[in-house]
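Now for the letters of each chain:
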Amino acid sequence: DTGVSQDPRHKITKRGQNVTFRCDPISEHNRLYWYRQTLGQGPEFLTYFQNEAQLEKSRLLSDRFSAERPKGSFSTLEIQRTEQGDSAMYLCASSLLDRANEQFFGPGTRLTVL
Amino acid sequence: GQNIDQPTEMTATEGAIVQINCTYQTSGFNGLFWYQQHAGEAPTFLSYNVLDGLEEKGRFSSFLSRSKGYSYLLLKELQMKDSASYLCAVRGLRDSSYKLIFGSGTRLLVRP
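Read top to bottom, the protein sequences are chains Y and G. Residue 95 in the numbering used here sits at position 95 of the first sequence, and the numbers go up by one each step. Residue 60 in the numbering used here sits at position 60 of the second sequence, and the numbers go up by one each step.
Hints should not be assumed to be uniformly reliable.
Claimed, not checked - No more than 20 Å apart at the CA atoms, straight line, and that leaves these computed lysine to aspartate or glutamate pairs for EDC-like:
no.: 1; chain 1: Y; residue 1: K11; chain 2: G; residue 2: E41
no.: 2; chain 1: Y; residue 1: K71; chain 2: Y; residue 2: E44
no.: 3; chain 1: G; residue 1: K57; chain 2: Y; residue 2: E102
no.: 4; chain 1: G; residue 1: K68; chain 2: G; residue 2: E55
Keep in mind the hints are simulated off the structure, nothing from the lab.
Excised from the complex, chain G in its bound form (with noise of 0.2 Å):
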């Protein structure tokens, strides 16, 4: 089976760093991807791990541990409009159809 785990909700201040973290448990893995989500609206690619170590792309960052199945996002200096939701997703390893297996997503608020 596929158990993804990430908090459900976090709270932050404005200008200040977050990390989301996301812990997986697949029959196989081909890549963890990261999307956020604002409230009744699609999810937006933000990132892509397949190898380990960190990927940093402007203000987010992701980084993933395949040994121990462990991804997190990281989100510096803090923007009101980055409250939303922000989804962890992993592809299994002989998925020929690139789906996607979505966690929960956790619920970020950034305060002024």
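Bound-form chain Y, shown alone (with noise of 0.2 Å):
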């Protein structure tokens, strides 16, 4: 299977607790994004790389929240102290950089803060 793969698919932590997901691109492309998606909501955009540089973040985006990829490869999202409002599905996508009309998404994380 050559698309995105995200890692964990499910994640249960208490508040309070940190979290890191990955995410990993189709190979070769240079685009990848977070969005973040909760129960019948359409997914709300994170932050974007281009190759390894993090080139914007939403303001969603808390000082909790911080993400890398650090070889222009896969990418870690990792959320400190998690609250209950973190509870969501955590959505990778990636693009080619000439062919950014279409982004490709991987399964999701489901994160679950008690």
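Using the hints, put the two standalone chains together into the complex.
And the structure:
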């Protein structure tokens, strides 16, 4: 399977704990996006990487959130001191630089904060 | 600001045709996208419109009117597997990140 992969698929944690998610984009895709989706809503943009550079962050991304893409391939999203309001599906998407019209989404990581 | 509206739910019969509407207000416009999302799964790309008119792709067609801030997704010969959420998303004009702004989605239920 050469699609976007995310790990873990599900994460249950207690309030106040730190969690880290991983995204492996489609090989050679320069652009990588993180979105958050809550039940009954569409995905909301969180942050964007072009290669290893983080070029845009949403105001939704509080200082408890940090994302990295150290070698321009996989990316990690860390949430520190989780809150119940962080419970959501975290989606990763990737696209080519010259074919940025279509974003390919991964299966997501469902986070539940107790 | 940006605002995207689409109906919350729709119901249709297997074999029929259904039209899902989307209206948008954005600060600049550089393309409208439709994605399909089955429950618990990732959104999958259906269509992209940047110029006015109809784009046809098999049983699915998408229409765009930029002057009216309006799009629709047309699904023909509905099948049970078409039961899913359909997400309308737009991209801003001066947005080099190409990020997508999504509507809340329309849940389509196809009945036998």
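Going down the list of hints, with the structure as the test:
Distance restraint check for K11(Y) and E41(G): the Cα-Cα separation of roughly 16 Å lies within the 20 Å cut-off, and the hinted pair is therefore satisfied. Distance hint between K71(Y) and E44(Y) is unfulfilled; the C-alpha atoms sit about 25 Å from each other, more than 20 Å. A distance of roughly 15 Å separates the Cα atoms of K57(G) and E102(Y); the hinted pair therefore holds under the 20 Å criterion. Only pairs whose Cα atoms come within 20 Å are accepted, and K68(G) paired with E55(G) is accepted, the gap being roughly 17 Å.
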